[in-house]
Structures are given as structure tokens and as C-alpha cells.
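Enquirer: Residue strings, one per chain:
There are 2 protein chains.
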Amino acid sequence: MRDVAVIGVGMTKFGELWEQSLRDLITEAGMKAIADANLSGSDIDGAYVGTMSAGKFVGQEHIAPLVVDMAGLSNTHIPAVRVEAGDASGSVAFREAYLAVASGAHELVIAGGVEKMTDVSSSQMVNIQSTSCDQEWEAFFGASMSSLYGMMARAHMHRYGTTREQLAAVAVKNHANGVLNPNARFKFPIKPEDVLKAGMVADPLTTYDCAPASDGAAAVILCSMERARKFTDKPIRIAASVQASDTIALHDRRDICTMDSVVLAAKKAYAQAGITAEKVNLAEVHDAYTIGEIMAIEDLGFAEKGKGGIAAASGETALTGRIPINTSGGMKARGHPLGATGIAQIIEIVDQLKGRAGGRQVKDAKFGLAQSVGGTGATAVVNILEGGL
Amino acid sequence: MRDVAVIGVGMTKFGELWEQSLRDLITEAGMKAIADANLSGSDIDGAYVGTMSAGKFVGQEHIAPLVVDMAGLSNTHIPAVRVEAGDASGSVAFREAYLAVASGAHELVIAGGVEKMTDVSSSQMVNIQSTSCDQEWEAFFGASMSSLYGMMARAHMHRYGTTREQLAAVAVKNHANGVLNPNARFKFPIKPEDVLKAGMVADPLTTYDCAPASDGAAAVILCSMERARKFTDKPIRIAASVQASDTIALHDRRDICTMDSVVLAAKKAYAQAGITAEKVNLAEVHDAYTIGEIMAIEDLGFAEKGKGGIAAASGETALTGRIPINTSGGMKARGHPLGATGIAQIIEIVDQLKGRAGGRQVKDAKFGLAQSVGGTGATAVVNILEGGL
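For the protein sequence lines, the chains are A and B, in the order given. Its first residue numbered 8, the first sequence is counted upward by one per residue in the numbering used here. Its first residue numbered 8, the second sequence is counted upward by one per residue in the numbering used here.
It is worth saying that the hints were derived from the structure and are not from the lab. Treat the hints loosely; a few may be bogus.
Unchecked claim - Cβ-to-Cβ under 7 Å is the rule here; a few derived chain A residues that face chain B: (1) Gln27; (2) Gly66; (3) Pro72; (4) Pro86; (5) Ala87; (6) Gly93; (7) Ser110; (8) Glu114; (9) Gln131; (10) Met132; (11) Ser139; (12) Ser252; (13) Gln279; (14) Gly281; (15) Ile282; (16) Ile317.
Claimed, not checked - Cut-off 16 Å, straight-line C-alpha distance, at most; resulting in silico cross-link-like pairs (EDC-like, lysine to aspartate or glutamate): (17) B:Lys275 with A:Glu285; (18) B:Lys361 with B:Asp262; (19) B:Lys39 with B:Glu23; (20) A:Lys361 with A:Asp267; (21) A:Lys373 with A:Glu233; (22) A:Lys275 with B:Asp52.
Beta carbons: idealized from backbone N, C-alpha and C, even for Gly.
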């Protein structure tokens with residue numbers, strides 16, 4: 008299979024965007040990506056769209072041809088595929104788009120992600136988010152995404168001595184990064200005590216441990232590395248794209264303090280990219296909950312198992328730290344429109360590797376990693392991008 | 008890209024299967040396919056699952072890793088991707104699986120489709136089916152799948168003189184075929200007057216013009232043609248797999264008496280397979296409504312535009328006719344569990360090309376075609392399979 012590059016990116020702001028519908032959002036993101044790649048929409052020969060639950064959120068399935076249509080490209084009749092993998096939907100769309108180009112089946116592909124979440128009630132929100140868990144053995148008995156992550160947090164604290172304050176440090180850092188990101192939903196700093204004193208969602212996780220359900224969309228354009236320089240001076244190479252699965256239910260896992268799907272995907276991704284974790288200059292990881300980021304940096308090899316909390320609290324993962332994590336503000340501060348998140352992660356890495364990340368720029372970054380999880384880890388995707396080529 | 012073969016197939020009965028959940032259904036189909044391919048489940052290195060709206064039907068998204076898990080294969084951690092494209096979801100899953108093997112990214116892939124539809128009320132059913140149309144400009148204003156197909160039927164009758172009796176002939180033929188298919192939902196013959204006298208759904212379409220919402224699942228196993236003979240004496244080659252899109256809303260089309268997405272996908276599929284429509288020995292087409300089959304045989308080149316009704320009524324598309332259409336009974340008699348239908352079509356073609364279609368066997372069939380549509384044609388997939396190799 009041939010090398011593939013990201014040649015353009017575009018995203019909406021993430022937030023409570025009452026004035027924009029799902030189709031408005033993904034069209035805005037797609038148009039921006041097409042403009043960023045310096046091409047005409049009619050050059051695109053394939054589309055992949057990740058959305059978790061547009062059917063339940065806004066009553067619309069069959070999203071992919073809708074997106075092509077709304078972009079004014081229905082006359083191209085290109086194949087348009089919607090993929091879904093809980094809140095990893097965007098990352099899976101990215102990987103399918105990557106495979107479509109790597110195989111030679113397609114030349115210029117757009118990969119988008121979108122979710123329009125904020126038009127439903129709080130109880131519907133919990134219900135819909137829980138559809139990425141095991142409906143029959145988790146959600147039916149009252150387990151929600153928050154309570155399942157709460158259990159992971161408690162287990163991690165019990166086994167490794169991770170503290171409430173270390174969890175809070177993740178949120179504080181990501182809000183600090185979000186201040187520097189124009190597209191972030193939350194652009195205000197918070198203090199550790201804000202997290203500790205916030206309303207309890209699922210013990211030990213408070214409101215500030217949880218990423219906000221948001222509206223938003225993001226899109227990227229892929230083509231072969233060979234052709235990429237026609238469109239951009241700074242093509243970003245997809246050095247690895249790996250997906251793995253695990254049991255749908257958390258209670259069926261070997262261990263709830265680690266995600267085997269992430270460990271395995273990371274291992275294969277490092278092998279595909281021909282690098283080790285030490286070579287990665289920055290990473291966007293799945294911080295739907297603060298404990299998620301702590302487990303991610305361990306499972307990706309950026310910290311020893313059980314030491315993720317220490318790494319977070321010591322500043323190692325801060326913008327100026329050893330391995331900057333979630334420079335975009337992460338899902339915590341950027342916002343978490345489920346299907347859009349995986350693509351937004353890619354966009355942050357691309358912008359960093361191109362040196363256009365503004366006030367949150369990581370210096371001399373060559374390799375960036377994006378890790379995304381569906382549900383509590385039944386799907387994991389790890390992508391590694393390379394710049395400076 | 009390399010040649011790809013179907014080496015195993017499996018499906019459940021289609022019907023109102025109250026004793027089986029979504030996970031029961033897809034597991035049964037997957038296990039049968041694995042057994043038919045003479046392999047162990049742990050040999051599989053990728054899974055694609057098509058389901059249109061499991062989120063709305065049974066409250067479960069994130070279906071793909073669930074399926075792998077239920078099959079007892081969670082310890083393989085293989086990538087598992089759910090795709091959705093309305094009632095073409097199964098066909099799109101098949102095409103993604105095809106691309107995954109053709110590209111060399113995967114070796115042995117399972118492509119499944121499933122829908123568990125009959126646990127919802129009639130009004131929910133209409134609502135959910137309509138999510139594959141344009142939510143904002145069709146469904147919101149009361150248009151349903153049935154009413155949109157009713158409009159297509161009236162336009163076709165007006166422009167080409169297609170008659171109510173010709174529409175009925177499609178249903179009569181498909182029921183006659185369904186009698187011969189052990190997995191079909193309806194195994195009883197009907198007469199033209201049964202169709203004409205049945206309750207009106209959306210003028211001119213009566214109950215017997217519409218495929219029944221059903222529960223069911225289907226799965227197939229794909230591997231490279233080169234490796235296929237290790238598993239089967241009769242590998243079935245995927246000679247072409249093409250997908251195309253069109254506007255999501257029917258009223259935005261150039262013409263509502265033809266589906267441009269189908270015409271284009273068929274044209275490309277014939278080119279990929281290196282054959283013409285005349286070389287096709289049988290086809291499974293999208294008869295969610297009888298007018299759908301009439302338009303399909305025209306758009307696929309089996310009848311001149313406007314003459315599809317005549318072809319249906321004259322027996323040309325019967326089991327013993329010039330070009331047998333929907334030998335399985337089609338969606339009309341086999342049943343139409345949305346996500347499963349596209350895979351079930353492939354299974355019928357495989358069984359026919361392998362000479363194991365029992366009482367409905369088409370003699371000396373070499374090329375079989377499967378055509379699937381999402382919504383009113385915003386997605387179209389055309390697959391051509393070749394046997395006797």
C-alpha cells in the first residue's frame with residue numbers, strides 16, 4: 008500500500024451551536040478543509056463520515072450522501088460511507104479513508120466527523136451516550152458512560168494510588184491549553200479546587216472531569232503522498248493508522264485499569280511507523296473523562312502503568328512538558344461532539360506539525376499521535392502523523 | 008488491487024423473530040458463515056457490519072465490536088467497523104470488506120448485516136425508516152419511504168404507461184420464488200388480485216407492493232482469490248463492487264423515474280467486471296417496493312427505460328425467464344431487515360453460482376449481480392459475482 012498524506016483540514020467551533028444544524032456544521036467543516044487543501048470539491052472521489060448517533064440525536068441516518076449533497080457535490084455521485092464506532096467514529100472514518108487511498112481505490116478522499124448533540128434533553132443525552140456501551144448488560148441496568156468511567160477511576164486510585172488531585176490536574180491542564188485554541192468550547196482557565204468542588208457526576212468524577220457534550224464538525228482531505236505536493240508545501244504523512252477492538256462490556260475485560268485495545272493498537276502503530284513512544288512529540292488522547300487521559304498516557308507508553316497520575320500532576324504532559332498531551336484543550340476544553348472528535352484530534356496534530364498552532368505551538372514537532380476510544384474501549388484507534396517532510 | 012473471493016455465507020431466517028435479539032441474530036449468521044468457509048473464527052482479521060438504525064430500533068450503537076464480542080472473538084481484538092447507508096448498509100459493508108481485502112490491508116474479513124426491527128410500534132417504524140430520507144425536507148413534512156416510492160410509481164405510470172397490474176406482477180413473481188427459499192419470510196404464493204385488493208399504503212402501492220419490515224442477519228467471509236481454494240472448491244470471485252451517491256432528497260433529482268446512482272454504479276461495475284448486462288445470468292435487486300424492482304431492471308440495463316413493467320409482467324424476469332430477478336424471493340418475500348438485506352442478496356447469488364439454490368436454481372449461472380439502494384437512491388451499490396472458476 009502507498010503512503011498517504013493529509014493535505015487539508017477544517018473544523019467548526021465546538022460548543023452549544025443552536026443556530027447551526029448537523030448539515031450546516033459538516034458543510035462548514037468540509038468547505039474549510041477543501042479550501043485549506045487548495046482544491047475544488049469536484050476533485051474529491053470518495054467520502055467517509057463518522058457520526059455516532061445522528062439517528063437518535065436529530066432523526067437522520069444515511070448521513071454520508073447527505074453530506075456530499077449539502078456540499079453541492081451530489082452531481083459527482085461519489086461513494087459516500089458513514090461509519091460508526093461510538094465516540095471513536097471520527098477516527099474510524101479517518102482510518103477507512105486512509106485505507107481507501109493507501110490501497111489505490113481512491114485518489115482524493117474527504118474524511119469528516121460530526122455530531123449535533125445539544126438539541127436533546129439531559130436524560131436523552133445520557134441514554135444516547137450509553138448506546139456505545141453494552142445495552143443489555145450495562146445501560147439496561149443503569150450504568151452510564153460516566154458511571155463506568157467512575158469505576159475505572161476508583162479502581163485506578165485503589166490499585167495505583169492515583170489521587171483525586173491528579174485527576175483534577177488533567178482538567179486544569181486541558182483548560183489551560185483550551186484558552187489558546189480559537190476553536191475550543193471552553194476558553195477559560197480553571198484551578199484544581201474548581202474541579203474538586205464541582206458537582207459530582209459519578210464518584211469520584213465531577214463535572215470538570217467530564218468532557219462537555221457539544222455540537223461540532225471537522226474534516227480532513229487525504230491523498231497519496233506522491234501527489235500531495237501539488238496541493239501543499241507541507242504534506243503531513245500518515246505514518247500509521249491502526250484500529251483494535253475489545254469486549255463491549257467493561258466487566259468482561261481482563262483489567263479495567265488498562266485498555267487492551269489501546270495497548271495493542273499503539274504497539275502496532277509504533278511498529279508501522281517504525282518509531283517508539285519516545286519519538287512522539289505530542290499527542291491528542293481520549294479525555295472524555297480525566298481518568299481516560301491518565302490511562303491513555305500509560306497505555307500509549309508515555310508513562311509507566313500506574314504512573315499516569317503523577318505524570319499529569321508533575322507537568323510532564325503540559326504544553327512545555329516532556330510529552331505535551333491534548334494541546335488543543337482535548338475533549339475536556341475543546342468540546343466533545345462525539346463523531347467529530349477523532350477528526351479534530353487529527354487536525355490539532357496537523358496544525359502542530361505544520362507549525363501553525365499559534366500560542367499553543369509545540370516546538371520542532373515531527374511525530375504526533377492521536378488516540379481515540381469508542382465507549383469504554385471496545386474500539387480504539389491510534390494514528391501517527393509525521394511532519395517536516 | 009488483488010482479486011477477492013467469497014468463501015463462506017450464512018444467514019438467519021428472516022421474519023418476526025421475537026425470540027432472538029439483535030446480537031443473537033448476527034451471531035447465528037456469523038457462525039454459519041464461518042462454518043461454511045471451513046475456518047476458525049480466530050483466523051478472521053477484520054469485520055465490517057452494516058446496520059441502519061440499531062440505535063433507534065434497539066438502543067444499541069457501537070455494533071461492530073459487539074458482534075465480534077458475541078462471536079467469542081473479543082480476544083482477537085480485530086478492527087471492527089460498522090457502516091451505515093440506509094437500507095444499503097449491508098451492501099456498503101460488503102464493499103468496504105472487499106476493499107479491505109483487495110488492498111492487502113486484511114486477509115480474511117467477515118462482512119455482516121443485521122437489523123432487529125419488529126420490537127417497535129408501527130409509528131416508530133415509519134419514523135425510523137424515514138431517517139434514510141431527507142429529515143428536514145422530506146420526513147419533517149410527512150413524507151415517508153412509502154409515499155416517496157408511491158410518487159415514483161405514479162410518475163413512472165404517467166410517463167411510461169406502466170400499469171398497476173405490472174407492479175403487481177413483481178410481487179406475484181417474488182412470492183413464487185420465496186416459496187422455494189427456506190430462509191424466506193413469506194413462503195406462500197399470491198395472485199395479482201391479492202395485490203390489487205390489499206390495503207392501500209401509499210397510492211398506488213398496497214401492502215403487497217411493500218417489503219415487510221423484518222428481523223434478520225446475514226454474513227459472508229471474504230479472502231483473496233489466491234487463498235480461496237484452501238477453503239473451498241468453488242470460490243466465488245467478486246468481479247466488481249461499485250458504490251455511488253445522489254441527492255438525499257427525491258425532489259432534488261434530475262428525474263424521479265430513474266436512479267442516476269444505480270445507472271452510474273452499474274455502468275462502472277460492468278466495466279470493472281469486463282462484461283455487459285447481457286452476460287448477467289441472474290440478479291438480486293432492491294424491491295423494497297415493486298416500483299423499485301421495475302426501475303432497477305431498467306437502470307441496470309436488463310430492460311429498456313420505461314419497459315420494466317412489461318418485462319415483469321411478461322415473465323422475462325421469472326425464474327425460468329430471460330433474466331431471473333430476485334430468485335430468493337427478494338425483499339418482498341424473503342423479508343427486508345434493512346442492514347441484512349444487502350448481504351442476503353450476496354448470499355443468494357453465491358448459492359446460485361455454486362449450484363446449491365435447490366428448487367430455485369438457475370441453470371449454468373456464471374455471473375450474478377446484486378443491486379442495493381439506500382433510501383430513495385441516495386446510495387446505490389452494485390456488486391457482480393462470478394462463479395465456475
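Enquirer: Look at each hint and say if it fits the structure.
Expert: Comparing the hints with the structure gives:
Given the 7 Å rule on beta carbons, the hint for Gln27 (chain A) is violated: about 13 Å separates it from the nearest Cβ of chain B. The beta carbon of Gly66 (chain A) is positioned within 7 Å of a beta carbon in chain B (closest approach about 5 Å), and the interface hint is therefore held. Hint on Pro72 (chain A) holds. Least Cβ distance to chain B is approximately 4 Å, under the 7 Å limit. Taking 7 Å as the C-beta cut-off, the interface hint given for Pro86 (chain A) holds, the closest approach to chain B being about 4 Å.
For the restraint placing Ala87 (chain A) at the interface with chain B, the shortest Cβ-Cβ distance is roughly 5 Å, inside the 7 Å limit, so the hint holds. Given hint, Gly93 (chain A) at the interface with chain B, holds; its Cβ is 4 Å from that chain's nearest Cβ, closer than 7 Å. With a cut of 7 Å, the hint placing Ser110 (chain A) at the interface with chain B holds, because the nearest CB-to-CB distance is about 3 Å. Taking 7 Å as the C-beta cut-off, the interface hint given for Glu114 (chain A) is violated, the closest approach to chain B being about 14 Å.
This hint is violated: Gln131 (chain A) has a C-beta 11 Å from the nearest C-beta of chain B, more than the 7 Å allowed. At about 14 Å, the closest approach between the beta carbon of Met132 (chain A) and any beta carbon in chain B exceeds 7 Å, and the interface hint on this residue is violated. Hint status for Ser139 (chain A) relative to chain B: holds, with the closest Cβ pair at about 4 Å, below 7 Å. Residue-level restraint check for Ser252 (chain A) holds (minimum Cβ-Cβ distance to chain B is 4 Å; threshold 7 Å).
A least Cβ separation of about 11 Å between Gln279 (chain A) and chain B goes past the 7 Å threshold, and the interface hint is therefore violated. The interface hint given for Gly281 (chain A) is broken, as the beta carbon of that residue sits about 18 Å from the closest beta carbon of chain B, more than 7 Å. Against a cut-off of 7 Å between C-beta atoms, the interface hint on Ile282 (chain A) is violated, since the closest Cβ of chain B lies about 20 Å away. At its closest, the beta carbon of Ile317 (chain A) sits 28 Å from a beta carbon of chain B; the interface hint therefore is violated under the 7 Å criterion.
Of the supplied pair hints, the one linking Lys275 (chain B) and Glu285 (chain A) is violated, its CA atoms being roughly 47 Å apart against a limit of 16 Å. As the CA atoms of Lys361 (chain B) and Asp262 (chain B) are separated by approximately 38 Å, the hinted pair breaks the 16 Å bound. At roughly 20 Å between alpha-carbon atoms, Lys39 (chain B) and Glu23 (chain B) are farther apart than 16 Å, so this suggested pair is violated. Between Lys361 (chain A) and Asp267 (chain A) the alpha-carbon distance is near 32 Å, which puts this suggested pair outside the 16 Å criterion.
Distance restraint check for Lys373 (chain A) and Glu233 (chain A): the Cα-Cα separation of roughly 19 Å exceeds the 16 Å cut-off, and the hinted pair is therefore not satisfied. Between Lys275 (chain A) and Asp52 (chain B) the alpha-carbon distance is near 14 Å, which keeps this suggested pair within the 16 Å criterion.
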